[in-house]
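I would like the entire structure built from these sequences, with the hints used as guidance.
Residue-level listing of the chains:
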Amino acid sequence: MSLDKGTVRAIAELARIDVPEDDLDHLAGELSGILSFVEHLSEVNTDGIRPMNSVADLGLPMRTDAVTDGGYAEAVLANAPDAIEGFFTVPKVVE
Amino acid sequence: MMSELTRLTIAEAGRRLAKGDFTARELTEAHLKVMEARRGLNAFITETPELALESASASDARRKAGQAGGLAGGLEGIPLGIKDLFCTKGVQTTAASHILEGFVPQYESTVTANLARAGAVSLGKLNLDEFAMGSSNLTSYFGGVENPWKKGSDPAARLVPGGSSGGSAAAVAARMAMGATGTDTGGSIRQPAAFCGIVGIKPTYGRCSRWGVVAFASSLDQPGPMARTVEDCALMLNGMAGHDPKDSTSAPMPVPDFAKALTGDIRGLKVGIPAEYRPDGLNAEVARAWDQGIEWLKAAGATPVDISLPHTKYALPVYYIVAPAEASSNLARYDGVRFGLRVEGGSLDDMYRKTRAAGFGPEVRRRIMIGTYVLSAGYYDAYYSKAQKVRRLIAEDFTQAFRSVDVILTPTAPSAAFGMTDRSDDPVTMWLNDVFTIPTSLAGLPGLSLPVGLNGDGLPLGLQLIGRPFDEETVFKVAGVMEQAAAFTAVPEGV
Amino acid sequence: MAYLIQGETGDWELVIGLEVHAQVISKAKLFSGAATDFGADPNSQVSFVDAGFPGMLPVINEVCVEQAVRTGLGLKSQINLTSVFARKNYFYADLPQGYQISQYDQPIVGEGELLIDLADGTTRAIGIERLHLEQDAGKSMHDQHPTKSFIDLNRSGVALMEIVSKPDMRSPEEAGAYLTKLRTILRYLGTCDGNMQEGSMRCDANVSVRKKGEQGLRTRCEIKNVNSIRFVQQAIEYEARRHIDVYEAGGDIRQETRLFDSAKGETRSMRSKEHAHDYRYFPDPDLLPLVIGADFVEAVKATLPELPDDKKARFMAEYGLNAYDSGVLVAERASADFFEGVATGRDAKMAANWIMGDFFAAMNSGGYSWEKPPVSAAHLGAMIDLIKDGTISTRLAKDVFVFMVETGKDPAAIVEEKGLKQVTDTGAIETAIDAVMAANPDKVAEIRAGKDKLIGWFVGQVMKATQGKANPAMLNELILRKLKE
Ligand SMILES: [Mg+2]
Ligand SMILES: [Zn+2]
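Top line first, the protein sequences correspond to chains H, C and V. When you line the first sequence up against the numbering used here, it's residues 1 to 95, in that order. When you line the second sequence up against the numbering used here, it's residues 1001 to 1495, in that order. When you line the third sequence up against the numbering used here, it's residues 2001 to 2485, in that order.
Some hints could be false.
List of simulated lysine-lysine pairs, DSS-like, C-alpha gap at most 27 Å [what the hints assert, rightly or not]:
1. K2148/V x K1354/C
2. K92/H x K2088/V
3. K2148/V x K92/H
4. K5/H x K1089/C
5. K2469/V x K92/H
6. K1246/C x K2088/V
7. K2443/V x K2469/V
8. K5/H x K2469/V
9. K1354/C x K2139/V
10. K2224/V x K92/H
11. K92/H x K2443/V
Here are some of the chain C residues that sit facing chain H, going by a computed Cβ distance under 7 Å [to be verified]:
12. A1357
13. Q1388
14. R1392
Hints listed in this document are in silico derivations from the structure and should not be mistaken for laboratory results. For each residue, glycine too, the CB sits at the ideal point set by N, CA and C.
In structure tokens, the structure reads:
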């Protein structure tokens, strides 16, 4: 499978990573190389095999419903690049 | 005195601290000195000498008050390095990425908290491949780490320590730290341990908590210890492991005393030797080391058994779908809003795109993009779902094998350490370093690498022991016997 | 009668499906131990997990699972013993992890059914497609600063149940009835408070239209986050009309997400959702499959309250109420309980009339709630007893009720205190009748000559003379006897 520039541009957009137009070709080549490497998997017969999403062979552990966390807004905001009046901020969004 | 202290193992240091031969503060000072002297290796991203001395003194005070021993024992007053993927409260944690530069967590990872409770002293935060993505430590935003070992044929060449726990491996090999934490997603503890001539174990998935460890690929990531002896790794794992209710994938199982597993008696054990790990063109020295390992085990009364792990060759493609897919999602949180780097932009999306382009290095960007692609509409089944199915086949190969053997022996890496400028830019070639470690990661099994000798160029080679799920004890036991047999006493330059 | 919209080219039918996000009632969030209370200071109810900090991991809250199962049972839905949490990946300012933990192809609750009650007294079954558990996002505020949006993550990670209907509704009325009924059921179950103003119940409406008799579905538009039932109905009506106008002008509807502007009564395209969607769902590797036992489900089932449909049927059978009255009384669990508190052992129809009449009027006059009703069920019951045993007439009871609301006192005490006891002493009533007859001999003569219409006038005069206290039945009987003597 080889990826064209347009596809790479679309992936970069989905991943929210700026890719300069000049780099698209090179990246397309690299990503295509990786895809052709992983494409060997198509030789394997996986009929009737369930995907193994985790090796952990447990049920999902549950916690009790109790307030045990939060209540530390300063710590949550301590690393924020731009916090105002207890809020995180982002460039203005128009809905 | 100083250099003598840094040559001790954790076990010896523990005994002598108990006897009062020296203090934890003296032991820490000795290591801080080496840390300073070997700064050129670039093993640390953040050194914390003041904090280290403070906690060493606190350890001495505990010992004086008769409270020494911590929870697990054996780590009281022992200076360790922490891979900079573990969040440490009040100390910068970067994952070796520009995007997290300056990030100071307000919380402490479970594993490092466990170590602190056991009395260990942290010297600082160790360099790694960016977000643990790499096998060379060359992808770190803070520069590559240099392996303290030198090639006999070309002593001027700077070699990689392996990755991603390259800073950990280099620091332990160069005696800057008695041990270090690592994390292993596809070989990131075992391969650098092999490259730097030390011991490292990736425990069973779920043995050590992932809480507070910067995530790369959640279904594969597993913290583990790196040290200079098998026993030291066992002592460290005693301090690191344990069920953590904050990690839903943490195993609710008791932690045995791993050091007690080192009985030296492996008579009657069956050791699997997988045919698929001896491909055509396997490096002859690596093959010879492996054969030697088999002989040692035979001599100790174990029985080698030829086994087959037929899906081995698909492990790398599976890994390079699953790990980037999970990473693409795990790394979505680095968006310039709540922590880390932010590059302003005219709109929200513009800010995201600029921040992430500037914050992530090329290997991370590449993996995020591959991961994004294999999960995207129309490709999920062909890539991600297919890979997870083949993953089950790989895991079943091991299950099948462990019906007839107790442990599996393989090489750790296809080669010894290579030069920092040796390898091509082709990512796939670089990924082949992990060909022997990745299957174990996919199956979630414990895997230990220990040094067994030097190649013709004077560089260490490692062998890998793979165990049944949650049977680290057998792995340690066999490793202990091999360690005895190998009598690996070589040290890198400057030690 | 089917709801159809007349267009220039003929009649159009509406196809409506609703997705409701219902906030689960729980103390802590779905995957963290932070509190869920409404209206706290910004970012004060946020854990590092909710804010998507590096290395943070989710652990599920058992009560949220229980609440989802409870709701599933209340919607007569299939409970899936194994369900899977998946990540829905997208970038947005109020989504700290860069993904929402939700359920995708394996939700905890599968197909079910909800019975809606329509104004004409009929009911209709609307299919439930699924219910899944997911995390809420934070809140963006766009009007606090000229160039920035502010983000508060207090809601981030709060448990939501997304309840998806089948596209079974055909009119705004049905959509309203669905939401009303769903809210009633959620409140009965105690799984969501149903407060649309505070956003604990939010509705997305999927709307399409098709020609009457046409098979298959046309392109739908999703109207996001409408915050009252009335607005949902308005938005649907507007959107349907818009589709029809577009089709009749020869255009095509593009599938999109739209916002309802309640001030203008219009829907408009949502700019922030214009991006191509590709959520890249995959099972969350931080969470293993959620496996619950049949015993877990049974235990929840054992605690289910009687649900409104069952209660309504029982009120009709047990108390002889009609469908309308039963429907009104079961709309809230508290009103149904109040009714039963009054009606048990008494004339149920009379209890229903008092509750739906004077009591609801008082309730609506302000300051009251089911926790603090204008009069207690015990007092209202006691008042009905006083009517029944003839102590007070229904007319007097209305005054007694007003005093009860004002003073909170026992009706018997009020009757005593105000001297409102009805006169049942035959002699006293006869004396009053005699006096009125003596004062109006001409009218007595007219009645005796057959002018029965005047009897009412006599009753009124005597009642006036007794200050309303005469027992009306006795009064009637005695007047008739005396006049016809
Ligand atoms: Mg939805
Ligand atoms: Zn939803």
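Contradicted hints - numbers only: 4, 5, 8, 11
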